[in-house]
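**Student:** Here is how the chains run, residue by residue.
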Amino acid sequence: MLSRTAENLFWLARYVERAEYLARTIDATLRVTALPAAYIGKTNEWDSALLTAGVGANFYNHYKEANAESVVEYLSFSPENPSSIRNCIEAARLNSRSVRTALTSEMWDTINSAWIELQAVWNKAPANREELAKFLRFVQETSLRFDGSAYRTMLRNDAYWFSRLGVHLERADNTARILDVKYHVLLPEEEHVGGPLDYYQWTSILRSVSATTAYHWVYRETLKPWLIADLLILNDTLPRSLASCYSNLVRNLDQIGVAYGRQGAAQRHARGIRNRLEHSHMDDIFQHGVHEFIQEFLADNSRLGEIIAKQYLM
Amino acid sequence: MAAAFDEMNGLGEDLRPAYQELSRWLKETPPDALEYRRQEAELLFRRIGITFAVYGDAEAQERLIPFDVIPRIMSASEWTLLETGLKQRVLALNLFLKDIYHGRDILRADIIPEDLIFQNPVFRPEMNGQDVPHDIYVHIAGIDIIRTDAENFIVLEDNARTPSGVSYMLENREIMMRLFPDLFARHRVAPVERYPDELLSALRSVAPHSASAEPTVALMTPGVYNSAYYEHSFLADKLGIELVEGRDLIVKNDEVFMRTTEGLKRVDVIYRRVDDDFLDPLTFRPDSALGVPGLMSAYAAGNITLANAVGTGIADDKAIYSYMPDIVKFYLSEEPILKNVQTWRCREAQDLSYVLDNLADLVVKEVHGSGGYGMLIGPAATKATIEAFRDKLKREPEGFIAQPTLALSTCPTCTDKGLAPRHVDLRPFVLTGSSHTTIVPGGLTRVALKEGSLVVNSSQGGGTKDTWILSE
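Protein chains in written order, with the UniProt record's numbering: chain A, 1 to 314; chain B, 1 to 472.
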């Protein structure tokens with residue numbers, strides 16, 4: 001297929017995934033900040049939300065204070081924020097238009113309808129919390145519909161694989177960012193300094209990756225921060241874990257490799273990261289420093305994006 | 001102006017045979033049912049994303065072309081006549097182009113003044129002496145047809161460059177079949193759905209000699225911001241070919257390749273929806289970011305077929321238009337089946353003075369304009385507009401032609417005040433491949449939605465209708 005088509009599919013999937021992730025981050029932050037101050041301590045959760053979205057620095061060029069109103073506006077609607085939910089959906093629609101021939105009509109319909117609704121209904125920040133909740137649900141449902149229609153209607157060929165690469169690369173980046181910002185509340189017992197205050201932080205982290213219920217099914221335990229870290233990093237049954245993202249990246253890259261009859265740097269690099277995740281234990285990761293581990297992962301992950309671009313998309 | 005010929009009712013209340021069933025159906029159908037279907041159709045169009053962009057209109061970057069649910073119907077015998085006339089006309093266009101870029105018999109025979117060709121900005125000296133596969137220049141033609149009575153079809157304009165609108169022909173039909181299954185069941189409407197197959201086989205048939213047995217065809221678009229982008233992606237999809245932009249293509253050793261995820265892949269035929277000027281920055285406009293450097297040298301080397309060929313603008317130029325009856329006679333020794341609109345060439349002193357004296361009654365068009373931009377419709381214009389136009393005309397008479405204001409035929413159309421006659425034209429699409437010329441029975445009927453308006457262009461508030469050709 002055309003390199004430009006593959007590139008558009010890849011980015012289209014990333015934008016949709018990112019929009020959903022932002023919606024979940026806002027949702028989780030709204031819930032944790034609704035608690036009385038005594039339950040969450042002094043951290044500014046809205047600041048953390050900006051950091052996990054990777055847009056902290058630019059935010060302060062436009063706003064003085066990070067609070068519910070300013071951050072929700074910035075992450076959802078602001079034209080100043082190139083990766084606001086609104087801009088993600090706009091970019092997704094633009095990408096869809098330029099690769100219409102590679103999309104199924106169901107996928108196009110999902111993105112185009114979302115874009116129409118965005119223009120018609122969500123053309124300004126919601127007036128109240130109820131409206132905001134509706135908006136966030138709209139974004140999440142768009143992403144679910146998009147993913148679902150891709151899964152159910154696309155031919156299993158390179159178009160599908162490139163779009164999956166976008167989803168999983170973006171997802172891995174998002175999960176790793178949450179870990180990067182929140183790693184200090186996930187340290188093992190002996191290093192743990194936060195005390196019971198952190199309980200709600202843990203729930204919030206799980207919620208932002210839709211894993212509150214999953215945690216209990218996997219560990220059958222009360223919330224333990226190191227188990228949360230284990231779930232998000234190493235447990236490949238959780239779709240948003242780093243390990244799961246990399247099983248998927250490796251699988252989709254392999255399929256492209258088989259179809260094209262040759263492999264390259266992208267396949268090797270992805271396999272390297274996957275192997276590291278497969279052979280790691282949380283104890284070792286804690287020993288060497290979670291923060292360092294995550295930093296390294298983020299760099300590796302974005303390197304994979306560059307390699308894929310060079311190998312296929314240019 | 002006298003009442004126009006109506007496609008359904010003729011000149012009075014004599015219901016024409018092709019419309020009998022429709023008329024009966026309209027009487028049975030309550031008006032709000034029509035309105036409900038109209039809204040449903042609009043919703044479908046918007047969801048499918050069939051939009052077009054209006055240049056210079058930032059507010060409405062993507063608009064829908066209004067769709068009218070009342071079909072325009074033609075009998076089989078009307079179509080047969082039209083079809084024969086269209087084939088004759090397109091054959092003449094192709095022969096004319098070959099001649100202009102080779103032997104120039106028609107100039108030596110003094111049928112067309114030389115300067116009209118050589119001074120014409122759409123004449124492409126790069127094409128002099130260059131052969132194109134099977135001598136076909138215009139593979140896809142969109143001929144705009146009007147009628148003023150039951151007997152004659154008149155060509156308003158030949159579109160031999162990159163005619164658009166065929167996606168509406170196909171989508172209008174899809175939507176009509178979805179919305180009005182009963183109405184369809186009561187007619188025998190010739191299908192249009194094989195257009196993409198016919199187009200693909202025509203394009204493959206003109207592949208260069210150096211192509212493989214399975215030539216690769218691609219559709220080249222200026223990109224998502226082009227007003228007809230939807231159509232480009234629609235056609236690429238229906239044909240199952242890649243939709244490429246200039247940046248996807250690269251020329252190496254006079255061969256054209258597209259950049260794919262598996263490396264470079266050779267392209268043999270480009271159905272290009274990009275104007276000549278923007279094809280190759282090395283040959284034409286150096287500021288073009290849409291084109292492919294070196295494309296023209298690959299073309300000259302015979303390694304790529306462009307459809308339509310470069311330089312076809314000289315055949316559909318409005319100044320050349322007035323010579324079309326002579327062109328048909330010269331190459332085919334036949335009388336033209338389709339008529340021309342009487343045309344005054346403002347470059348000729350006698351014609352100019354007539355035009356200047358009668359501006360208020362005439363339609364004056366820019367020779368190189370299209371899409372209904374920059375024209376004067378005398379009867380509808382204010383005094384001031386006419387005077388301003390008069391100055392423009394005097395300054396540059398060779399840039400204009402004039403025609404009488406024709407009473408285009410009308411067709412019943414849904415309006416705010418119920419069904420009412422509105423003026424229509426018709427653009428059938430003529431495909432020419434190596435072995436034969438095909439016209440899918442139908443075309444794009446455009447309708448001027450404003451009462452009394454004669455301008456059917458989508459950029460000027462026109463709408464579309466499904467066009468039904470009944471079989472015997």
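No lab work stands behind these hints, which were simulated from the structure alone.
None of these values were measured; they are calculated from a predicted model.
One thing to keep in mind: the hints can contain errors.
The following label-pair restraints were derived from C-beta to C-beta distances [stated by the list, open to error]:
| hint | chain 1 | residue 1 | chain 2 | residue 2 | range |
| --- | --- | --- | --- | --- | --- |
| 1 | A | Ile116 | B | Glu174 | 14 to 24 Å |
| 2 | B | Pro125 | A | Tyr151 | 35 to 45 Å |
| 3 | B | Pro191 | A | Arg271 | 24 to 34 Å |
| 4 | A | Ile116 | B | Pro125 | 41 to 51 Å |
| 5 | B | Glu198 | A | Glu130 | 47 to 57 Å |
| 6 | B | Leu43 | A | Pro239 | 28 to 38 Å |
| 7 | B | Pro191 | A | Pro239 | 45 to 55 Å |
| 8 | B | Gly103 | A | Arg262 | 44 to 54 Å |
| 9 | A | Ile116 | B | Asp277 | 49 to 59 Å |
| 10 | A | Ala309 | B | Ala76 | 55 to 65 Å |
| 11 | B | Gly263 | A | Pro239 | 32 to 42 Å |
Yeah, the Cβ is synthetic: ideal placement off N, Cα and C, and Gly gets one too.
**Student:** Checking against the hints above, which ones are violated?
**Tutor:** 2, 3, 9
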